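J.: Could you slot chain B onto chain A? The hints should help.
Protein chains: 2
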Amino acid sequence: MNGAESLLATLAANGVDVCFGNPGTSEMHFVAALDRVTGMRSVLALFEGVATGAADGYYRMARKPAATLLHLGPGLGNGTANLHNGKKARSGIVNIVGDHAVAHARFESPLSSDVEGIAAPVSHWFRTSRSSREVAGDGAEAIAATRDGALGCIATLILPADTAWGPGGPVATALPPATPKPPQPEAVREAARALASLGARAVLLLGADGVGERAREAASAIAHKTGCRLLAEFYNARMPGGRGRVRVDRLPYAVDAAVEKLAGAKCLLLAGAADPIAFFAYPGKPSELKPVGCRTLTLAHARDDVPAALEALRDELGAVATPMASAPRPPAVQALRPAGTLNADLIGDVLAAVLPENAIVVDEAVTTGRAFGPRFAAAAPHDWLAVMGGAIGFGLPAALGAAIGAPGRPVLALEGDGSAMYTLQALWSIARESLPVVAVIFANRAYRILQGELQGVGAQVGGPRAEAMLRLDRPALDWVALAHGHGVPAATVRTADELVREAQRGFASGGPYLIEVVL
Amino acid sequence: MNGAESLLATLAANGVDVCFGNPGTSEMHFVAALDRVTGMRSVLALFEGVATGAADGYYRMARKPAATLLHLGPGLGNGTANLHNGKKARSGIVNIVGDHAVAHARFESPLSSDVEGIAAPVSHWFRTSRSSREVAGDGAEAIAATRDGALGCIATLILPADTAWGPGGPVATALPPATPKPPQPEAVREAARALASLGARAVLLLGADGVGERAREAASAIAHKTGCRLLAEFYNARMPGGRGRVRVDRLPYAVDAAVEKLAGAKCLLLAGAADPIAFFAYPGKPSELKPVGCRTLTLAHARDDVPAALEALRDELGAVATPMASAPRPPAVQALRPAGTLNADLIGDVLAAVLPENAIVVDEAVTTGRAFGPRFAAAAPHDWLAVMGGAIGFGLPAALGAAIGAPGRPVLALEGDGSAMYTLQALWSIARESLPVVAVIFANRAYRILQGELQGVGAQVGGPRAEAMLRLDRPALDWVALAHGHGVPAATVRTADELVREAQRGFASGGPYLIEVVL
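Which chain is which? The protein sequence lines are A and B, in order. Sequence positions in the first sequence follow this note's numbering and run 1 to 519. Sequence positions in the second sequence follow this note's numbering and run 1 to 519.
Okay, chain A solo, but in the shape it has when bound (with noise of 0.2 Å):
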């Protein structure tokens, strides 16, 4: 067993039997592993950022790290923007980065790089092996970095080829996770007696785990018990939603509608949530949400067992769980075909309409999609994903692997038309591996959320150069085009009726399927 096969091995004894990668010369005899140790399936892209991309993604629904495969410094340089999003998502993933054979690194050759420095900023943990027979040891070193608390942390093992084709050491056992942080009684104690006290001036905001559904059913007993505003953090690695499922408003985007949500609160209690901060600065904005005095108390932090502490609190309010109002349900899909032009409320009526039982929506529709929250929350249950670090080309890598994460499970990735393109390639996993993925794509032909920064940073706008930034309509990108070059299916649509039938088509394939919304 060489150092490849050994590592290899550790991977897969310890649960991590997925590999998204794009493998090159230096990471040959890991791929020549595939082979002969058992137990990984692996996952090819065309590109690096789908690579860790899906790593995100299939963390989210999974629950546990995949692997990716990356070429040396270039490769993990390709895959930094969808570490950034993973790391604040605290998504597991452990990335392995081949390089040079230790006695080559010394020359300067094309591909030497500082692959360390490339893996430090979006690494919480990070290692050069240094012998063939470590590898292993160093593997499952890895997997236990890639766990904090509850949730999941960025490892990076990087691989120089000798440490491949040398001889390996013993597949490693990974230490297990230690217990997330259990409620804290004081802390507890602490936030029964706010909210009790401050009633509608108190807000009790969920993040991490504190917007799954055991966590929220404890917050809503709370909230009815306390009177208490409820709202979860703007954007979340993955929250259930859709009928009969408790539902949670989120903090708006906007700055001006988040200090205006916040108004009044004496109190903010986090449970999973940071304190909340402005997506961007903006001149004569603050950078803060909450109104100025108002308290921050913290239940419980976001690697801590939050659905826990919720409960714990409920408890110690004697709290108990509110029967649902029944949910409404979304417009017959029949009342939804007239012919006229979309726009994004009918766009979320339609795929709310349509979107299959247990399905996971993948968000990253930037603008059009602003309106689709109060309409998925009619729609089929499912778990809603959305980009947690700003960096977009998150959303097709992110489908790709939440599908590959939750087998079976049908995948509607919402995307504008700029994010896309920034990771089209990910369409070809997504037909290789001929995954349940429908993605729709909001062709604005713009860079719309843009065209409103500009003008909410104070910029003086109206010159020709400055709009042609921002627009993409010279030439108009063709979706259905990149759909074919990808090898999946596509179509255009213009009406809510063409969007019924294209999109109970893609779902009804089992398949890829890509519909651009021409807007």
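Incorrect hints may appear among the rest.
The list treats identical chains as interchangeable, and a pair is accepted whether it falls inside one copy or across any two copies.
Once the Cα atoms are required to be at most 20 Å apart in a straight line, the calculated SDA-like pairs of lysine to any residue come out as [unchecked claim]:
#1 K266 x G137
#2 K285 x V102
#3 K64 x A378
#4 K285 x P167
#5 K64 x D497
#6 K266 x E433
#7 K64 x G15
#8 K285 x A103
#9 K285 x S112
#10 K266 x T341
#11 K285 x G318
#12 K285 x E108
#13 K261 x R250
#14 K285 x D478
By construction, these hints were calculated from the structure, which means they are not laboratory data. Quick caveat: nothing in here was measured; it's all calculated off a predicted structure.
T.: Just chain B now, kept in the frame of chain A:
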């Protein structure tokens, strides 16, 4: 004038008048400034690796830096691989990277990241501006930092949003670059003594500006006078070629072939070249390619005035320019029209025959292009740009940049299908700018180079899982559809006859064209 305007004016005033950008919210003031400051051509890219690769290609033709405009850490991360290539090519580039406003950066927010940490591995120089009044001065220092001797460097200026929107300082002037180091008399004399005494046991190895026309004529005279062997490095940032120019063979890529080429050498004289090192290490093969016991002399380093050093050596030896043997012409196009299957040799013959005068050839053909070198020696005069850092995804972006850096010159981009997929979004920018770029995609539907490397590194091959990781044929990429999706006209060819017809059509169009060669 705000900070962004003062920076834009400083860039333009110092000759940095092209910007390849993919902006976001934090760069909106820079974008708005495009309409209020004259002299900057702004080219939109849909992915940051397109912007950085274009800046590399631009520098190689214009011999001055372009700016890139990138969105915080993840945007810079997406540009890393082609910055790595640009760094190895010694191209000058000024990266402008927006970041959160200074007061906002202390908060954890989705896009907060270690921008300097991401910049460091791919930048010779980087700085975060501290106030809007200092931005212009920082920009001038960044421009000065893009030059070291005869060649370029990567400078990264990080611009917190408030340094863009606050009041700017005066437009600044960059210090002029220092003159490259002139010929060193002692090195010239020592080189002359070695060559005069060793004859064919000496090898004169050219690199950097040592492969330019003026340098090659001097090198040719030196070789003619002393009998030394004359070679160029395998990869060159810009190598003139074609009829009527001194031909210099390149050191082969494969280790065994390179070792054989240098066999018997007692002295390696470096003129802008580095001591030759294998691209990768392979078990049982040397990293250093020159024979054991071969002495190394440096006539001039890459950043020195290499052409002047070669001319000084020529004069020291009393060598004179020799009349060129009349170069062979490529086969007439009429002779190249069989209907049979294309292979690499025939493709090289066809492309050499149809290449327009004064074209720029961007080479990322990896395996298919290996056979092209000798054939293009007989083609019309051209410049040949190779990927210098081994990070694929260089070709289409570099073609974009080269076409803008040398206006009016036709560009031929030679692309492996695997390579082209990394940054295919460049096609859209090429279409948008209506550039005369003919891209030829060699669709062998495999990572063909890796199929060889798998054996080269001694990995035991044979299994279906490893093989699947190197094949791109399930589903097949449809390059005509991908081109159309980006707004580029395209055709598929399978015979020499069809390749001649479509290449002539592409060059005659004066705009972008893509040819998929199915192998």
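J.: Compare the structure with the hints numbered earlier in the document and write down the numbers of the violated ones, lowest to highest.
T.: The structure breaks hints 1, 3, 5, 6, 10, 11 and 14; every other hint is satisfied.
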